[in-house]
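Q: Read off the chains here:
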Amino acid sequence: NAGVTQTPKFRILKIGQSMTLQCTQDMNHNYMYWYRQDPGMGLKLIYYSVGAGITDKGEVPNGYNVSRSTTEDFPLRLELAAPSQTSVYFCASSPGNGELFFGEGSRLTVL
Amino acid sequence: KNEVEQSPQNLTAQEGEFITINCSYSVGISALHWLQQHPGGGIVSLFMLSSGKKKHGRLIATINIQEKHSSLHITASHPRDSAVYICAVRSLSYTGANSKLTFGKGITLSVRP
Numbered sequence: 001n002a003g004v005t006q007t008p009k010f011r012i013l014k015i016g017q018s019m020t021l022q023c024t025q026d027m028n029h030n031y032m033y034w035y036r037q038d039p040g041m042g043l044k045l046i047y048y049s050v051g052a053g054i055t056d057k058g059e060v061p062n063g064y065n066v067s068r069s070t071t072e073d074f075p076l077r078l079e080l081a082a083p084s085q086t087s088v089y090f091c092a093s094s095p096g097n098g099e100l101f102f103g104e105g106s107r108l109t110v111l
Numbered sequence: 001k002n003e004v005e006q007s008p009q010n011l012t013a014q015e016g017e018f019i020t021i022n023c024s025y026s027v028g029i030s031a032l033h034w035l036q037q038h039p040g041g042g043i044v045s046l047f048m049l050s051s052g053k054k055k056h057g058r059l060i061a062t063i064n065i066q067e068k069h070s071s072l073h074i075t076a077s078h079p080r081d082s083a084v085y086i087c088a089v090r091s092l093s094y095t096g097a098n099s100k101l102t103f104g105k106g107i108t109l110s111v112r113p
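In order, the protein sequences belong to chains D and V. One point on numbering: in this note's numbering, the residue at position 108 of the first sequence is 108, and numbering is uninterrupted. One point on numbering: in this note's numbering, the residue at position 39 of the second sequence is 39, and numbering is uninterrupted.
Among these hints, one or two may not hold up.
To be verified - These stretches of chain V come out as covered by chain D in the derived footprint (C-beta under 8 Å, 3 or more residues): (1) 34–46; (2) 104–110.
Unchecked claim - Think about it this way: if two alpha-carbon atoms lie no more than 25 Å apart in a straight line, the pair counts; the simulated SDA-like pairs of lysine to any residue are: (3) V/Lys100 with D/Val88; (4) V/Lys100 with D/Lys14; (5) V/Lys105 with D/Gly63; (6) D/Lys14 with V/Gly40; (7) D/Lys44 with V/Asn22; (8) V/Lys53 with D/Phe101; (9) D/Lys9 with V/Asp81; (10) V/Lys100 with D/Arg107.
Quick caveat, the hints were computed from the structure, so don't treat them as lab data. Note that the coordinates shown come from a computational prediction; the quantities given were computed from them, not determined experimentally. For glycine and all other residues, C-beta sits at the position ideal for the given N, C-alpha and C.
Between the sequences and the hints, there should be enough to build the whole structure, so can you do that?
A: Right, here's the structure in full:
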């Protein structure tokens, strides 16, 4: 099993551009999450999903959108990128018992 | 006051030393996680515990629910243990539909050879 796979690992965007961070898991987990990690801060939840077709906002959803058309995929869309979205983004999945499996992270810089 | 506090902020140790990293929290919880993040790398879950103690290899995690405190111990430390160690707590309001995890800022551990 590959676990949780995120792409791209690094990306530089200009202000106002849009992009999608991809996240795929091959463990058949129903629960998937997107977090952002800022320097000196704890991880913050952006969006989460409890199954295909179901998504909900976390603590910091503004400026982001998600979709969950399949159990495996949970892409995070950034519309009109802003410098405040410069961060490291982590996708995670869970079988529902509280255990978490994280991806390798995607480092995004908005200039 | 942050819901999750970790101490010390940074820690340097010599190879072979016994290391303790602490986590205190202020809310009622159903579980606590210890996570490891190597520089530039992904996050790996080390332990999830709700009571007592768990051991995996050279790592031991303990939790005292009454005192709202957890410790992560590393025995016979090695330079490859150098990483950021993050404590996260799952609040009692967790219903299974929302992973309401509150994360600490993490402790940076450096183990010198």
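Q: Now tell me if each hint is right for this structure.
A: How the hints compare with the structure:
Under the rule that three or more residues need a Cβ within less than 8 Å of chain D, the assignment of the stretch 34–46 of chain V holds, with 6 such residues. By the rule of at least three residues with a Cβ nearer than 8 Å to a Cβ of chain D, the coverage given for the stretch 104–110 of chain V holds, with 3 such residues. This hinted pair checks out: V/Lys100 and D/Val88 have alpha carbons roughly 20 Å apart, not beyond 25 Å. Annotation: proposed proximity of V/Lys100 to D/Lys14 is violated, straight-line Cα distance about 32 Å (limit 25 Å).
A C-alpha spacing of about 23 Å is found between V/Lys105 and D/Gly63, which places the hinted pair at or below 25 Å, so the restraint holds. Restraint check for D/Lys14 and V/Gly40: the C-alpha separation of about 23 Å stays at or below 25 Å, so the hint holds. Between D/Lys44 and V/Asn22 the CA atoms are separated by roughly 21 Å; this keeps the pair inside 25 Å, and the hint holds. In summary, the hint linking V/Lys53 to D/Phe101 is supported, as the alpha carbons are separated by about 21 Å, within the 25 Å threshold.
With a CA separation close to 23 Å, the supplied pair D/Lys9 and V/Asp81 stays within the 25 Å bound. Between the alpha carbons of V/Lys100 and D/Arg107 the distance comes to roughly 24 Å, so the proposed pair stays at or under 25 Å and holds.
Hint compliance for this structure: hint 4 is the single one not met.
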